[in-house]
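**Student:** Spelled out, the chains give:
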Amino acid sequence: MTSVLDRSAPSAASPTPPKRRRRVAVVAGPWTYAALIAVLAGSAFPVYWSLVVSSQTPAAVDRVPPVLVPGGHLFANIARVFDTTDFALALMNSLVVAGTITVSVVFFSTLAGFAFAKLRFRGRSALMLLVVATQAVPTELGVIPLYMMMSDFGWAGEIHAVIVPGLVTAFGVFFMRQYFERAVPDELLEAGRMDGCSSLRLYWHVVLPAARPAAAVLGLFTFMQAWNDFFWPLVVLVPENPTVQTALSTLASGYTTDYTLVLTAATIGTVPVLLVFLLFGRQIVGGIMQGALKG
Amino acid sequence: MRTDWRERRHRWDIRYAPYAYIAPYFLLFAVFGLFPLLYTAWVSLHDRNLLDGDSATFVGLENYAQLLTADPYFWNAMGNTLSLWVLTTVPQIALALGIAQLLNRRIRTRTLFRMGVLLPNITSVAAVTIIFAQLFGRDFGLINWVLELFGAGRIDWQAGTASSHVAIATMVVWRWTGYHALIFLASMQAIPSSVYEAARLDGANSWQQFWRITVPMLRPQIIFSTVIATAGNMRLLAEPLLFNPGAAAATGGSDRQFQTAALYLYEQGFAKYDFGYASAIAWLLLVATVLITGLSYLAARRIRTD
Amino acid sequence: MRRTTRAAVPLLGVGLLAASLVAGCGSGAAGGKTRITIGLFGNFGYQQLFEEYEKAHPDIDITDRTASYSDHHKNLAAHLATNNGAADIEAVDTGYINQFKTNPDRFVELDASRKDQWLDWKWEASLSKDGKQIGYGTDVGGLAICYRRDFLEQAGLPTERDQVSALWPTWEDFMAKGREFQAKAPAGVKWFDGGPSLLNAIVGQAPTGYYDRDDKIVVGSNTDIKRGWDLVAKGVADGLSAGLLYSTPAWNTGFKQGQFATVICPAWQMAKIKDQAPDTAGKWDLAAVPGGGGGNWGGSYLTVPKQGKNTEKAIELATWLTAPEQQAKVFASAGLLPSAPKLYSEQSVASKTDPFFNNAPVGKVFTDAAQALKPQYQGPKAGDVQTELGNAMLRVEQGKQGPEESWTQFVGDAEKLAK
Numbered sequence: 001m002t003s004v005l006d007r008s009a010p011s012a013a014s015p016t017p018p019k020r021r022r023r024v025a026v027v028a029g030p031w032t033y034a035a036l037i038a039v040l041a042g043s044a045f046p047v048y049w050s051l052v053v054s055s056q057t058p059a060a061v062d063r064v065p066p067v068l069v070p071g072g073h074l075f076a077n078i079a080r081v082f083d084t085t086d087f088a089l090a091l092m093n094s095l096v097v098a099g100t101i102t103v104s105v106v107f108f109s110t111l112a113g114f115a116f117a118k119l120r121f122r123g124r125s126a127l128m129l130l131v132v133a134t135q136a137v138p139t140e141l142g143v144i145p146l147y148m149m150m151s152d153f154g155w156a157g158e159i160h161a162v163i164v165p166g167l168v169t170a171f172g173v174f175f176m177r178q179y180f181e182r183a184v185p186d187e188l189l190e191a192g193r194m195d196g197c198s199s200l201r202l203y204w205h206v207v208l209p210a211a212r213p214a215a216a217v218l219g220l221f222t223f224m225q226a227w228n229d230f231f232w233p234l235v236v237l238v239p240e241n242p243t244v245q246t247a248l249s250t251l252a253s254g255y256t257t258d259y260t261l262v263l264t265a266a267t268i269g270t271v272p273v274l275l276v277f278l279l280f281g282r283q284i285v286g287g288i289m290q291g292a293l294k295g
Numbered sequence: 001m002r003t004d005w006r007e008r009r010h011r012w013d014i015r016y017a018p019y020a021y022i023a024p025y026f027l028l029f030a031v032f033g034l035f036p037l038l039y040t041a042w043v044s045l046h047d048r049n050l051l052d053g054d055s056a057t058f059v060g061l062e063n064y065a066q067l068l069t070a071d072p073y074f075w076n077a078m079g080n081t082l083s084l085w086v087l088t089t090v091p092q093i094a095l096a097l098g099i100a101q102l103l104n105r106r107i108r109t110r111t112l113f114r115m116g117v118l119l120p121n122i123t124s125v126a127a128v129t130i131i132f133a134q135l136f137g138r139d140f141g142l143i144n145w146v147l148e149l150f151g152a153g154r155i156d157w158q159a160g161t162a163s164s165h166v167a168i169a170t171m172v173v174w175r176w177t178g179y180h181a182l183i184f185l186a187s188m189q190a191i192p193s194s195v196y197e198a199a200r201l202d203g204a205n206s207w208q209q210f211w212r213i214t215v216p217m218l219r220p221q222i223i224f225s226t227v228i229a230t231a232g233n234m235r236l237l238a239e240p241l242l243f244n245p246g247a248a249a250a251t252g253g254s255d256r257q258f259q260t261a262a263l264y265l266y267e268q269g270f271a272k273y274d275f276g277y278a279s280a281i282a283w284l285l286l287v288a289t290v291l292i293t294g295l296s297y298l299a300a301r302r303i304r305t306d
Numbered sequence: 001m002r003r004t005t006r007a008a009v010p011l012l013g014v015g016l017l018a019a020s021l022v023a024g025c026g027s028g029a030a031g032g033k034t035r036i037t038i039g040l041f042g043n044f045g046y047q048q049l050f051e052e053y054e055k056a057h058p059d060i061d062i063t064d065r066t067a068s069y070s071d072h073h074k075n076l077a078a079h080l081a082t083n084n085g086a087a088d089i090e091a092v093d094t095g096y097i098n099q100f101k102t103n104p105d106r107f108v109e110l111d112a113s114r115k116d117q118w119l120d121w122k123w124e125a126s127l128s129k130d131g132k133q134i135g136y137g138t139d140v141g142g143l144a145i146c147y148r149r150d151f152l153e154q155a156g157l158p159t160e161r162d163q164v165s166a167l168w169p170t171w172e173d174f175m176a177k178g179r180e181f182q183a184k185a186p187a188g189v190k191w192f193d194g195g196p197s198l199l200n201a202i203v204g205q206a207p208t209g210y211y212d213r214d215d216k217i218v219v220g221s222n223t224d225i226k227r228g229w230d231l232v233a234k235g236v237a238d239g240l241s242a243g244l245l246y247s248t249p250a251w252n253t254g255f256k257q258g259q260f261a262t263v264i265c266p267a268w269q270m271a272k273i274k275d276q277a278p279d280t281a282g283k284w285d286l287a288a289v290p291g292g293g294g295g296n297w298g299g300s301y302l303t304v305p306k307q308g309k310n311t312e313k314a315i316e317l318a319t320w321l322t323a324p325e326q327q328a329k330v331f332a333s334a335g336l337l338p339s340a341p342k343l344y345s346e347q348s349v350a351s352k353t354d355p356f357f358n359n360a361p362v363g364k365v366f367t368d369a370a371q372a373l374k375p376q377y378q379g380p381k382a383g384d385v386q387t388e389l390g391n392a393m394l395r396v397e398q399g400k401q402g403p404e405e406s407w408t409q410f411v412g413d414a415e416k417l418a419k
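Residue numbers (my numbering), protein chains in the order written: chain F, 1 to 295; chain V, 1 to 306; chain R, 1 to 419.
Any given hint could be a false lead.
Just a few of them, taken from the derived set where beta-carbon distance is under 7 Å, the chain R residues facing chain F [to be verified]:
(1) ARG65
(2) ALA67
(3) SER70
(4) ALA78
(5) THR82
(6) GLY85
(7) ASP279
(8) THR280
Straight-line alpha carbon distances no greater than 30 Å define the calculated DSBU-like cross-link-like pairs of lysine-lysine that follow [unchecked claim]:
(9) V:LYS272 with R:LYS177
(10) R:LYS374 with V:LYS272
(11) R:LYS132 with R:LYS364
(12) R:LYS416 with R:LYS132
(13) R:LYS306 with R:LYS115
(14) V:LYS272 with R:LYS132
(15) R:LYS115 with R:LYS309
(16) V:LYS272 with R:LYS352
(17) V:LYS272 with R:LYS129
(18) R:LYS364 with V:LYS272
(19) R:LYS226 with R:LYS177
To be clear, the hints were calculated from the coordinates, so they are not data collected in a lab. Note that beta-carbon positions come from the ideal geometry of N, C-alpha and C, so glycine has one too.
Full structure from sequences and hints, please.
**Tutor:** What follows is the structure, encoded as structure tokens:
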């Protein structure tokens, strides 16, 4: 662990990073584009395909050769989804769950990540190792005791049962620590210390601004993860108070398999994440580029 | 007086503030992560039916002894877990490095490509598995249709050990590669140009530059990605469970050919209601995961720094 | 400006958390009404009955929770284990009732004086060892064969249901006809859906199933099961099987795509075919099951977990839903076969025909089947043994193992369940 801690980015030696970096960017040739387009097609195809199924009638699915272009039944299928389940409530619940978890994880992770990366205290390495180890703790394996706790709190069936265990993640702490390691030069903090700044002020004025791109990435990842969480909500929530994923599982139930209905619901359930992704994704991807990682 | 107070505050700040910053994490983890875990450990020492906590009897390490010495299905599940760990983690990291390298070039519409690779990650595991289970369908799956188009035979993906592992690994790799690629890309951007220029002057070609500069410079991120991917891939549950829906879902195939350890735990706990036995599996899986995660951490650390 | 946004972030978090704590705090009451929740899986045909009941009881608000078969039973187990979260009424399938009845204390004991309403064996199947009734029976799964008229015709076999029934007095005849069929079958159509469903029917007809009356697993010495196994394995080897495992999406697709000419039809299967393959209306018909009738596959119970807040009203509703009058309505609307024998002689039930199945006399076929039914004792883990048997046959279908090797493994797996 220490060897990682002690490694600082080569450029961290200069306290004032260059204003504009000039990167050695290899100009992409046709092969690069071909490869990237293949990657993009592979990434997008299953998503596209679920949209195709969402816009068909049940009879059109499972044809040979397969139907590969969207049909005209998307809106009819959407109407069916909202008729069959309380999907509006599911969307609302998922927004509250994922939103709360995201804000909380970003806040606590930047704080703890800062402490682990830049502050010296007894037991730091050991505690960090503990965080990494807790990352390996499979939470879904403790479902029954966790459920017993939630019943004692009177939370079973309510969405806080899904929110509260997700308020911090080992992943977030680990992620932010690895980031601060490089992104915030020690010299900058030393200078702040010299001026008599408390660590909280350093966090607020130096670390947090520098954290913005990584925090945005963490926020997006956390939102997606919380939105898509499946196993625990399925156990602790009840079908009349669902999240999108548990509603999806309810739709996939029964003696019959109606892929058009299930995948339409899956598609609707993806739209909010897609919006968050499109809204912030550009900034995140841009943020990564804008020398936030001081190079 | 005033300086004295500031001094004290400063000393307090240096000594105790860090603990305050990391405390929320450890507190919440203790309540919602550690307690269930310890409870599970206690239960694992009992013969306990899920539905009937009152008639639990203390059996010591009997569940563990049974699992380790007399349960071939446990070892089968562990084998599948390791196989899937390799089949998911290695391609994920390797492909992510390659894709990040491509994205690091000067490309037009780079935002499109960068966001495009993350697209799989926004879909839910439930949706992904439903989609892929259909794509991998034996009779009406798109993948078999394409295989047949090229003159290859149909594959009953669920039936074989290798084929089912490939299908499940595909779902995982598809969903997570772009995510790791972006983490790598972010750090690649931070590598100063002077390093490459110096290497180029020394006559290093782009392949050598990749191995001698990019990969070592990315070490913290490679460690991070390997650890995260390992921790996730060692406990695959939803993918094998939903790949084979129906009454027999928890067995992971007709001959348990894709039953992971997490799925075996699920079967013992939720299909057979053997809570004590399932809890013992949980702990063995946890130990295995920590071990493998530690090993991959050490392996990733061995990446040369220069 | 920047400062405010930054400060806003944690504040927003607190706000959202507070909102989440306030929102969705559901209670047992909805606008002065008592809410009764009922946990179901699949299609019970209850929707209209709920409305009828709410109309007659303005103080009751019924909320149904329908989940998938496995999710439903898994969550029910978790909720019973933790004494929290179960619905006021919970449906339990035949495959699980034996597990749950070993813990009768988790359920409200139901009224034993209503025993005569049900088939004896249906009543006994949900009775705990110490004689407590934990569930009122809903439907039973008496057996018939659903077949595709068009496929039989194309293969030159008779298509009228009486003639078809006459083709297969025994399972051996059924397989023999299958070989005839397969020789002239339309492309891509197999004789039956998959070995596991056939085996379920054959085992269901045997006088003894997986367990003897002392709850000992006897699959290793039960010659009826082994005979059925050999017969079905032979049929699989001869290419008569579409190789599909029941209750999987691939099986569901098989109905729609017409991958098989015959399928075992417990009464609930007909509702499923209609839901799953509406385009095949009129192509199906119904014949008697080989092996001399009898046999059961599936069927469910309504239980009232003790942890509920409205157990009195829940019992009332469960009693009403399972009363013969309501069972008759469910049979009329969804085709689920009643477990109340007095209905079998009632005109409205016995004379029912179904246009989807070419106007087959479903009332007569299934009431005959239910009356011919010889009850079979189900042991504690019968559902798990059945799953293992399905997997075992699937191994043969997938070519992973030979019939003997797979059988040996199955017997071992089944005996391990006894531990």
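**Student:** Determine for every hint whether it applies to the structure shown.
**Tutor:** Verification of the hints:
1. For the restraint placing ARG65 of chain R at the interface with chain F, the shortest Cβ-Cβ distance is roughly 4 Å, inside the 7 Å limit, so the hint holds.
2. Restraint check, ALA67 of chain R versus chain F: the minimum CB separation of about 5 Å is within 7 Å; hint holds.
3. This hint is violated: SER70 of chain R has a C-beta 9 Å from the nearest C-beta of chain F, more than the 7 Å allowed.
4. Using the Cβ-Cβ criterion of 7 Å, the hint placing ALA78 of chain R at the interface with chain F is satisfied: the shortest such distance is roughly 6 Å.
5. Interface hint at THR82 of chain R: satisfied, since its Cβ lies 5 Å from the closest Cβ of chain F, which is below the 7 Å cut-off.
6. Residue-level restraint check for GLY85 of chain R holds (minimum Cβ-Cβ distance to chain F is 5 Å; threshold 7 Å).
7. Interface hint status for ASP279 of chain R: upheld, as the beta-carbon distance to the closest one in chain F is roughly 6 Å, under 7 Å.
8. For THR280 of chain R, the interface hint is violated, the least distance from its beta-carbon to any beta-carbon of chain F being 10 Å, above 7 Å.
9. About 39 Å separates the Cα atoms of LYS272 of chain V and LYS177 of chain R, which puts this hinted pair outside 30 Å; it is violated.
10. Distance hint between LYS374 of chain R and LYS272 of chain V is fulfilled; the C-alpha atoms sit about 28 Å from each other, no more than 30 Å.
11. Note on LYS132 of chain R and LYS364 of chain R: the hinted pairing is violated, with a Cα-Cα distance of about 34 Å set against a maximum of 30 Å.
12. With a CA separation close to 28 Å, the supplied pair LYS416 of chain R and LYS132 of chain R stays within the 30 Å bound.
13. At most 30 Å may separate the alpha-carbon atoms for a hinted pair to count; LYS306 of chain R and LYS115 of chain R meet this at roughly 21 Å.
14. Between the alpha carbons of LYS272 of chain V and LYS132 of chain R the distance comes to roughly 23 Å, so the proposed pair stays at or under 30 Å and holds.
15. As the CA atoms of LYS115 of chain R and LYS309 of chain R are separated by approximately 26 Å, the hinted pair is consistent with the 30 Å bound.
16. A distance of roughly 40 Å separates the Cα atoms of LYS272 of chain V and LYS352 of chain R; the hinted pair therefore is violated under the 30 Å criterion.
17. Taking the CA atoms of LYS272 of chain V and LYS129 of chain R, the gap is about 20 Å. The hint holds against a cut of 30 Å.
18. Distance hint between LYS364 of chain R and LYS272 of chain V is unfulfilled; the C-alpha atoms sit about 38 Å from each other, more than 30 Å.
19. Our distance criterion of 30 Å between C-alpha atoms is met by LYS226 of chain R and LYS177 of chain R, whose separation comes to about 21 Å.
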